[in-house]
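Participant: Residues per chain are reported as follows:
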Amino acid sequence: SQKIEQNSEALNIQEGKTATLTCNYTNYSPAYLQWYRQDPGRGPVFLLLIRENEKEKRKERLKVTFDTTLKQSLFHITASQPADSATYLCALAIDGYSSASKIIFGSGTRLSIRP
Amino acid sequence: GAVVSQHPSRVICKSGTSVKIECRSLDFQATTMFWYRQFPKQSLMLMATSNEGSKATYEQGVEKDKFLINHASLTLSTLTVTSAHPEDSSFYICSARDLTTSTDTQYFGPGTRLTVL
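Quick note, the sequences are listed as chains A and B, same order. Residue 115 is where the first sequence ends in our numbering, and the numbering goes up by one at each step. Residue 117 is where the second sequence ends in our numbering, and the numbering goes up by one at each step.
Among the clues, some could well be false.
[What the hints assert, rightly or not] Only pairs whose alpha carbons sit at most 27 Å apart, straight line, appear in this in silico DSSO-like list of lysine-lysine:
(1) A:K55 with A:K102
(2) A:K63 with B:K55
(3) B:K64 with A:K102
(4) B:K20 with A:K102
(5) A:K102 with B:K66
(6) B:K55 with A:K102
(7) A:K71 with B:K41
Read the hints as simulated data drawn from the structure, not as lab findings.
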């Protein structure tokens, strides 16, 4: 069966440390992979996209890696802050790059940054 | 950046009634929109793909007669939950992709909290 798994339901780390979240998938060949942030009661907010032929993508304190052999993506937040506390969702684009390609979400990791 | 809005943000209804949720792309045209539902502490589950001018494509296990989707224009898709029951209570979220950008970014609406009494 096709699955998208995020390593832990919840992750608690100290402010200033690097948070690393993991996304593993099976039986998909995604055109690209995305990470989103979701706050309680709100819709997801797009953070980063990485394509199948890219190994790493950065944006400010965020870094994403994509290993299509391992079928894994790692999402890093460096110098974490309490404001980074949220649920982070991994999402795969399946069915290619067309406008109708579906975005399928992982279960999410609830990240808490303690002061 | 592109914005997707939803209306209403919150709705409470009696069992057996129908509820319509609107999803609008505010500054771009979307030939395709997507509808998701999310139960507490769970991830988003894709319900259907809404196609402008044609029938929606539903995911396995989603009743098309229960969740009616209409994509009447390039900026508006509606989801109607017909004869709602308490088990339909959920957070419904729509999304759309702005094809004028090169980032394949999918924008999500703020969600609609449906509570069926």
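Participant: Each hint should be assessed against the structure and marked as holding or not.
Facilitator: To see whether the hints hold, each was checked on the structure:
| no. | hint | in the structure |
| --- | --- | --- |
| 1 | A:K55 with A:K102 | holds, 22 Å |
| 2 | A:K63 with B:K55 | violated, 39 Å |
| 3 | B:K64 with A:K102 | holds, 18 Å |
| 4 | B:K20 with A:K102 | holds, 23 Å |
| 5 | A:K102 with B:K66 | holds, 21 Å |
| 6 | B:K55 with A:K102 | holds, 16 Å |
| 7 | A:K71 with B:K41 | holds, 25 Å |
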